[in-house]
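Trainee: Residue numbers (this note's numbering), protein chains in the order written: chain A, 1 to 112; chain B, 113 to 224.
Simulated from the structure, these hints should not be mistaken for laboratory data.
Any given hint could turn out to be false.
As the list claims (entries may be wrong) - When the alpha-carbon atoms are kept at most 27 Å apart in a straight line, the in silico DSSO-like pairs for lysine-lysine are as follows: (1) A:K37 with A:K1; (2) A:K37 with A:K57; (3) A:K17 with A:K104; (4) A:K71 with A:K104; (5) A:K37 with B:K121; (6) B:K121 with A:K104.
Stated by the list, open to error - If the Cβ cut is set under 7 Å, some of the chain A residues that face chain B in the computed set are: (7) G43; (8) P44; (9) S46.
The beta-carbon is built from N, C-alpha and C at its ideal position, and this holds for glycine as well.
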Amino acid sequence: KNQVEQSPQSLIILEGKNCTLQCNYTVSPFSNLRWYKQDTGRGPVSLTIMTFSENTKSNGRYTATLDADTKQSSLHITASQLSDSASYICVVSGSGNTPLVFGKGTRLSVIA
Amino acid sequence: NAGVTQTPKFQVLKTGQSMTLQCAQDMNHEYMSWYRQDPGMGLRLIHYSVGAGITDQGEVPNGYNVSRSTTEDFPLRLLSAAPSQTSVYFCASTSPVSNEAFFGQGTRLTVV
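Isolated chain A (complex conformation) (with noise of 0.2 Å):
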């Protein structure tokens, strides 16, 4: 079954820091994986997308990595803000038409 795993559930960290955020997938075909932002109240927005052959890319202080040997894949959030709080979603593409496959979501807290 094709699934999609995210941890932590939820994360809270200090303005400033660092954080990482985990996604391992089972789709297969796989065509794309991308990372998506929820704010509270928003519908989803797309911060980063990775195809099989990338393993980092960097949208200013969000870096996503992708292992498609593990079938993993990272979002790096670099000095952190108050406005990075927020769901970050993973979403993985397989073939064609076949529908999007989502994770859970990590929601991420950033505290003063």
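With chain A's structure known, arrange chain B on it following the hints.
Mentor: Same frame as chain A, but now just chain B:
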């Protein structure tokens, strides 16, 4: 550029009532989908459509109907609302090139 527009943003229904959640996109995407999001459950797929006139069931389709008469619109109908359908509903439109899902702002539905 409106992207994905959902209406209404909030709705309260009595058990047994019916209603339609509206979703419209202006990106000419063929693939559209409906999700519900409940605490601790993540986003779960209700129904999806790969183009006008074509719909299919997702993970949790019971109690919901959809139709796709145009590329732009993908309404979700609740036939006879139940308290178990209290949730936040998101419509998404997916790019065929990047597989990026663009989400609406969500509809918070309460069934009493």
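Trainee: Minimum Cβ distance from S46 of chain A to chain B below 7 Å?
Mentor: Check passed: Cβ of S46 of chain A comes within 5 Å of chain B, closer than 7 Å.
Trainee: Taken at face value, is the distance from the CA of K57 of chain A to the CA of K37 of chain A at most 27 Å?
Mentor: The hint holds at about 16 Å.
Trainee: Does K71 of chain A pair with K104 of chain A here, judged by a C-alpha cut-off of 27 Å?
Mentor: Distance of about 17 Å is within 27 Å: holds.
Trainee: Given the hinted pair K37 of chain A and K121 of chain B, is their Cα-Cα distance within 27 Å?
Mentor: holds, 20 Å
Trainee: Between the alpha carbons of K121 of chain B and K104 of chain A, is the straight-line distance 27 Å or under?
Mentor: holds, 23 Å
Trainee: Tell me if the straight-line CA distance from K17 of chain A to K104 of chain A falls inside 27 Å.
Mentor: Status holds; Cα separation ~24 Å.
Trainee: Would you mind confirming whether the straight-line C-alpha gap from K37 of chain A to K1 of chain A stays at or under 27 Å?
Mentor: OK: K37 of chain A and K1 of chain A at ~25 Å, within 27 Å.
Trainee: Classify the hint on P44 of chain A as holds or violated, based on whether any CB of chain B lies nearer than 7 Å to its CB.
Mentor: Check passed: Cβ of P44 of chain A comes within 5 Å of chain B, closer than 7 Å.
Trainee: Are G43 of chain A and chain B close enough, Cβ to Cβ, to be under 7 Å, as the hint says?
Mentor: holds, 3 Å
Hint check: no violations occur; every hint is consistent with the structure.
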